[in-house]
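**Student:** This is what each chain is made of:
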Amino acid sequence: MASTETTPAPADDLSGVEAGLDALDSVQIQRTPIGQLLRQKALPPLIGVLLVLGLWQLTYSLHVTASYNLPSPADVWGSLTDLWTAGTLFSIIWTSLWRGILGFLAAVAIGTPIGLLVARVKPVRAAIGPILQGLQSLPSVAWVPAAVIWLGINDSMMYAVILLGAVPSIANGLVAGIDQVPPLFLRAGRTLGASGISNARHILLPAALPGYLAGLKQGWAFSWRSLMAAELVASSPDLGIGLGRYLENQREGMSMPGVLLGIILILLVGVAIDLLVFSPIERRVLRSRGLLATGR
Amino acid sequence: MSTALTTSKNAPVDESPTGAPAVRISHVHKSFGRPGTATPVLDDITLDVAPGEFVCLLGASGCGKSTLLNLIAGLDKPTAGEIEVPSGRPALMFQEHALFPWLTAGKNIELALRLNGVARPERRAEAERLLELVRLGGSYGKRVHELSGGMRQRVAMARALAQGSRVLLMDEPFAALDAITRDVLHDEITRIWAERQLTVVFVTHNVREAVRLAQRVVLLSSRPGRVAREWQIDLPQPRRIESAGVADLSVEITEELRGEIRRHGQH
Numbered sequence: 001m002a003s004t005e006t007t008p009a010p011a012d013d014l015s016g017v018e019a020g021l022d023a024l025d026s027v028q029i030q031r032t033p034i035g036q037l038l039r040q041k042a043l044p045p046l047i048g049v050l051l052v053l054g055l056w057q058l059t060y061s062l063h064v065t066a067s068y069n070l071p072s073p074a075d076v077w078g079s080l081t082d083l084w085t086a087g088t089l090f091s092i093i094w095t096s097l098w099r100g101i102l103g104f105l106a107a108v109a110i111g112t113p114i115g116l117l118v119a120r121v122k123p124v125r126a127a128i129g130p131i132l133q134g135l136q137s138l139p140s141v142a143w144v145p146a147a148v149i150w151l152g153i154n155d156s157m158m159y160a161v162i163l164l165g166a167v168p169s170i171a172n173g174l175v176a177g178i179d180q181v182p183p184l185f186l187r188a189g190r191t192l193g194a195s196g197i198s199n200a201r202h203i204l205l206p207a208a209l210p211g212y213l214a215g216l217k218q219g220w221a222f223s224w225r226s227l228m229a230a231e232l233v234a235s236s237p238d239l240g241i242g243l244g245r246y247l248e249n250q251r252e253g254m255s256m257p258g259v260l261l262g263i264i265l266i267l268l269v270g271v272a273i274d275l276l277v278f279s280p281i282e283r284r285v286l287r288s289r290g291l292l293a294t295g296r
Numbered sequence: 001m002s003t004a005l006t007t008s009k010n011a012p013v014d015e016s017p018t019g020a021p022a023v024r025i026s027h028v029h030k031s032f033g034r035p036g037t038a039t040p041v042l043d044d045i046t047l048d049v050a051p052g053e054f055v056c057l058l059g060a061s062g063c064g065k066s067t068l069l070n071l072i073a074g075l076d077k078p079t080a081g082e083i084e085v086p087s088g089r090p091a092l093m094f095q096e097h098a099l100f101p102w103l104t105a106g107k108n109i110e111l112a113l114r115l116n117g118v119a120r121p122e123r124r125a126e127a128e129r130l131l132e133l134v135r136l137g138g139s140y141g142k143r144v145h146e147l148s149g150g151m152r153q154r155v156a157m158a159r160a161l162a163q164g165s166r167v168l169l170m171d172e173p174f175a176a177l178d179a180i181t182r183d184v185l186h187d188e189i190t191r192i193w194a195e196r197q198l199t200v201v202f203v204t205h206n207v208r209e210a211v212r213l214a215q216r217v218v219l220l221s222s223r224p225g226r227v228a229r230e231w232q233i234d235l236p237q238p239r240r241i242e243s244a245g246v247a248d249l250s251v252e253i254t255e256e257l258r259g260e261i262r263r264h265g266q267h
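Residue numbers (my numbering), protein chains in the order written: chain D, 1 to 296; chain P, 1 to 267.
In short, the hints are calculated from the structure, not lab data. Among the clues, some could well be false.
Only pairs whose alpha carbons sit at most 30 Å apart, straight line, appear in this in silico DSS-like list of lysine-lysine [unchecked claim]:
hint: 1; chain 1: P; residue 1: LYS107; chain 2: D; residue 2: LYS217
hint: 2; chain 1: D; residue 1: LYS217; chain 2: D; residue 2: LYS41
hint: 3; chain 1: P; residue 1: LYS142; chain 2: D; residue 2: LYS41
hint: 4; chain 1: P; residue 1: LYS142; chain 2: P; residue 2: LYS107
hint: 5; chain 1: D; residue 1: LYS217; chain 2: P; residue 2: LYS142
Have a look at the derived ranges for each label pair, beta carbon to beta carbon [said to hold, decoys possible]:
hint: 6; chain 1: P; residue 1: PRO86; chain 2: D; residue 2: GLY196; range: 24 to 34 Å
hint: 7; chain 1: D; residue 1: LEU117; chain 2: P; residue 2: ARG120; range: 22 to 32 Å
hint: 8; chain 1: P; residue 1: ARG223; chain 2: D; residue 2: GLN133; range: 38 to 48 Å
hint: 9; chain 1: D; residue 1: VAL52; chain 2: P; residue 2: GLU122; range: 51 to 61 Å
hint: 10; chain 1: D; residue 1: ARG284; chain 2: P; residue 2: GLU252; range: 48 to 58 Å
Which residues of chain D face chain P? A partial, calculated answer using Cβ under 8 Å [said to hold, decoys possible]:
hint: 11; residue: VAL17
hint: 12; residue: ASP22
hint: 13; residue: LEU192
Cβ atoms here follow ideal geometry from the backbone N, Cα and C, with glycine treated the same way.
In isolation and in its complexed conformation, chain P is listed as follows (with noise of 0.2 Å):
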C-alpha cells in the first residue's frame, strides 16, 4: 500500500499536471477464488475519473461496485490492469457509519488527522472546523452512540476529509437513512464537493441518487461487471431529486439496468 502522503492540511495540493485524471483505472480485472475456478467479478473495467468530477457507479447486485471501490481504495489488490491515484491513497466512507465508539465525534476526527500526520496542536482546531464544515460545531464531545443516523454519517464524512485526500470514495453512504435525511445530506455532500473541489466516485445502486449527485453516471452489468453505459448529468446543481429533470433522466436509466438485470434471467 503506499505510503506517500505528503499531502499537507491547510494548502490544497496542486493538481497533478491539467488533462491527468485523479483516477484512472485501466483494464482491472478481479476474480476471487483459485485460477482456474474463480468466477471474475470485475471484468475490464476502464474508467478515468477527471479531478473535481463527480462520478456515479450505478449497478444491481453482483455488479462488483463495492469491490471495485475496495480495490481504488487500495484495501485489495486487482486481478490484472491497473490502478493509479496520483494524489495518494483516498478517503473511503462506508454504508455503515464506522466511527471508532471508544471515541467521542472530535476525537474520531482527530485520529483521521494523526494517522495523517497532522502535528498535535492543530489536530483539535482541525477537528472543529471539519466539524463546522459538516455542520455540527459543538458536536466534539458527543460520543457516537448519541448521535442520529445522520449526524453520525456527517461525522464520518468530516473524518474522511480529514484523511486530506482530494479523492472521496463514499458505498453506498446514505442507504441506511431515511429519506428525509438522506435528502439533506445529498444538499450537504454537493456543497462539500464544490466548496472542497474533490473528486467523488459514488457507489449506489439507486438511480435517482444518482442522477441527483452525480456529473457522470457509469451503469455497471453485473457477474461480472462490465462499463456498460455512461451518462453525461448536465443538470445545473443543486438539483432536487423530485425535479422533472432528475426524474426524467431517472426513467432513462432505469429501462437501461432493468435491461441489464433481465439479461440475467434468461439463460
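So that you can see chain D by itself, here it is in the shape it has in the complex (with noise of 0.2 Å):
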C-alpha cells in the first residue's frame, strides 16, 4: 500500500496504521490442491460401487437365486453393449433426458413466480402456502392415471406429470430461500433505494438464491421421478422409447439384465445432472458467500 516516505503528514501515518490493521485482520483463504480433492471427494464414492459391484458378483456366484432373477454385473454389460451396437442407447437416453430438462424449466418458469407471489403476498401465502407444502408429499405417480384421462397419452401429459410433481418443490424451496433473507439486508436495500421490482432482482433474489437453488435440485429429482413414472406407464407408438419405457418393455419380455440396465441407467442420469449442474453451481454460491467450510 501507500508508503510512508512521500508525504510526512499524519494522514499518511494513519494509512499506514490502516494498512498494518488490513494485513493482520485480513482472512486468509486456502483452496485445497485438486489431488487432495480428488482423494477426498472422489474415491471413498468410487470405493462403494465397487464395493456393491463385488458382492454383486459374488451373490451371483454363489447361486443363492436364479440367473434369470439376478443376472450377473457382465450381463448386464451385455444388454448395454447390445444397446450401444444397435445405436439405440443414446436415443433412448436422450428421449427420457430432453423431456426431462423441458418440463424441468417449464416448472421453474412456473414455478419461481408462484414461489414469489406466496412469500411476499400474505393472502396468498394464507391460501396456497399449504397446498404447496402438501402436494410437496404427494407422489407425482399418483397424478399419472388423471393425466392420462384428462390428456390422453402423449407428451402434454408427461409434462403434466413433470408440473405437477416439480413445481411445488420449486415454489416452495423459494418461500424457504426467501423467508431466510436477514432482514438486515432489506433494510439496507430500502435505503439505498432499491424498492418493488429492483428490490426482487438486486436484493431479495439474491439473497434467496441458496434456499432457492435447494428447491431447483428437488424440483429436478422430482421432475425426473414423475417423468419415469409416466413413461412406465403410457405407452404409445408415437411417444418413442425412453428410459422409462425402455425398462417396462425390458420387463414384458422377462428380461432381468435390461430390467438392471434400465434402473442403473435411470439412477445415473439422475446422479449425472446434479454432479454436473446443481452441485458445481451450489458450491460456487456457497463458496462466493464465504458460506462453505473449507479444508475440510
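Reconstruct the complex from the two isolated chains, following the hints.
**Tutor:** Next up, the structure:
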C-alpha cells in the first residue's frame, strides 16, 4: 500500500496503521489442492460402487437365486453393449433427458413466480402456502391416471405430471429461501433506494439464491422421478422410447439384465445431472458467499 | 418515500439557502403498538442539524436513538411531527456492515451507484474512487467474507457515500469493532466528513466516542426519548480519544447520562 516516505503527514501515518491492521486481520483463503480433493471426494464413492459390484458378483457366483432373477454384472454390461451396437443407447437416454429438461424448465418458469407471490403476498401465502406444502408430499405417480384421462397418452400428459411433481418443490424452495433472507439486507436495500422490481432483482432474489437452488435441485429430482413414472405407465408408439419405456419393455420381455440396466441408467442420469449441473453451481454460490467450510 | 433523487455524483449539490438545516426534526413523537396501549418511544423531539455539522445522539438503551435514525432515514414514519431532509433520502450505515455477500466489495458500491441512477460506464471508476477514499484501493474484487471487520465497515462507508447523499446517518457503526480498529475508523470518518463536507448524525451509547467525533452531542433521555441536554464540543479536530480534553468532557457527560439512567430506578 502507500509508502510512508512520500508525504510525512499525519494522514499518511494513519494509512500506514490501517494497512497494517488490514494485513493482520485479513482472512486467509486457501484452496485445497486438486489431488487432495480427488482423494477426499471422489475416492470414497468409487470404493462404495466397487463394493456393491463385488457383493453383486459374489451373490451371483454363490447361486443364491436363479440367474434369470439375478443376472451377473457382466450380463447387464452385455445388455448395455447390445444397446450400444444397436445404436439406440443415446436416443433412449436423450428422449427421456430432453423431456425431463423441458419439463423442468417449464416447472422453473411456473414455480418461480408462484414462489415469489407466496413468499411476498400474505393472503396468497395463507391461501395456497399449505396446499403447496401438501402437494410436495404427494407422490407424482398419483397424478398419472388423472393426467392420462385428461390429456390422453401423449407428451402433454408427461409434462403435466412433471409440472405437478416439480412446481411445488421449486416454489417451496424459493419461499424458504426468501424467508431466510436477513431483514438487515432488506433494510439496507431500502436505504439504497431499492423497491419493487429493483428490490426483487438486486436484493431479494440474490439473497434467496441458496434456498432457491436447493429447491431447484429437489425440483429436478422430482421432475425426473415423475417423468419415469409417467413413462413406465404410458405406452404409445408416438411417444418414442425413453428410459422408463425401455425398462417396461424389458420387463415385458422378461429380460432381467435389461431391467437392471434400465434402473441403473435412470439412476445414473439423475445423479449425473445433480453432480454436473447443480452441485457445481451450488458450491460456487456458497463459496463466493463464504458459506462453505474450506479445508475439510 | 421520497424519490426525489436529483443528486449528481460528481458535482456537489448546492446547499439549500444558507441557514436552512440539512435535517429538521420538529415535534416528533413515535409510539409502537395500537393507539391507547401504545408505549411512546420518542416524545416531542425537536432538533435541527446544520449542513456540514457532525452531531452525535447519545443515550442509554431504550432512548429510541435508533428509532429516531430510522425515522430520519425514511424507513419508518413518525406518529406525529415532521422530519425534513431537504437534500433527499439520506445514506444510512448500520452496526452490522450489511454488505451483500453475493457481491464483491466493488460491486456492492456499484449497486448503490446504480440504484442512485449513475450510468453504467461511470460506475466502475466511481466505485474505485470511493474505495480509494476509504483506503481500500485494490479491494474491488474482494468478497465480503475475505475482508476484516474494519475493512467491511469501510466498504459499507464507501457504499453509503455512493448514494450521493450529503447527509450520512450512522447507527453505532463501530460498536462491534475492536478498540484499535475503532480508533482508526474514528480518524477515517473525521477525515471523510471534513473532505466531503458531509452532514453526519451519529448514534452511539459510547460517551467518549461521541466526544471524540462530534461538534455537538445531544443527550437523549430514556423511555420515552426526549432531548435531555446538548453540548457544543469545541475541541479542535483531529482529536484523540485518550486526550485530556475528551476525557474531561466525557466525565461531565457521563455524569449527566447516569443521572438520566438513575431516574428509571426510582418510581
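**Student:** Next step is simple, just say for each hint if it's right about the structure.
**Tutor:** Status of each hint after checking the structure:
1. About 28 Å separates the Cα atoms of LYS107/P and LYS217/D, which keeps this hinted pair within 30 Å; it holds.
2. Straight-line distance between C-alpha atoms of LYS217/D and LYS41/D comes to about 20 Å, which keeps the hinted pair within the 30 Å bound.
3. Distance hint between LYS142/P and LYS41/D is fulfilled; the C-alpha atoms sit about 28 Å from each other, no more than 30 Å.
4. At roughly 10 Å between alpha-carbon atoms, LYS142/P and LYS107/P fall within 30 Å of each other, so this suggested pair holds.
5. For the hint pairing LYS217/D with LYS142/P, the CA-to-CA distance comes to about 29 Å; that is within 30 Å, so the pair holds.
6. At roughly 25 Å, the beta-carbon separation of PRO86/P and GLY196/D lies within the given 24 to 34 Å, and the hint holds.
7. Range check, LEU117/D to ARG120/P: about 31 Å between beta-carbon atoms, so the 22 to 32 Å window is met.
8. Distance hint check for ARG223/P and GLN133/D: the Cβ-Cβ separation is about 42 Å, which falls inside the suggested range of 38 to 48 Å.
9. Our hint of 51 to 61 Å for VAL52/D and GLU122/P holds, since their Cβ atoms are close to 60 Å apart.
10. Hint check: ARG284/D to GLU252/P, Cβ distance near 56 Å, so the stated range 48 to 58 Å holds.
11. Contact between VAL17/D and chain P, as hinted, is supported at the beta carbon level, the nearest pair being about 6 Å apart and thus within 8 Å.
12. Of the supplied interface hints, the one on ASP22/D holds, with its beta-carbon coming within about 6 Å of a beta-carbon of chain P, less than 8 Å.
13. With a least beta-carbon distance of about 5 Å to chain P, the hint placing LEU192/D at the interface is held under the 8 Å criterion.
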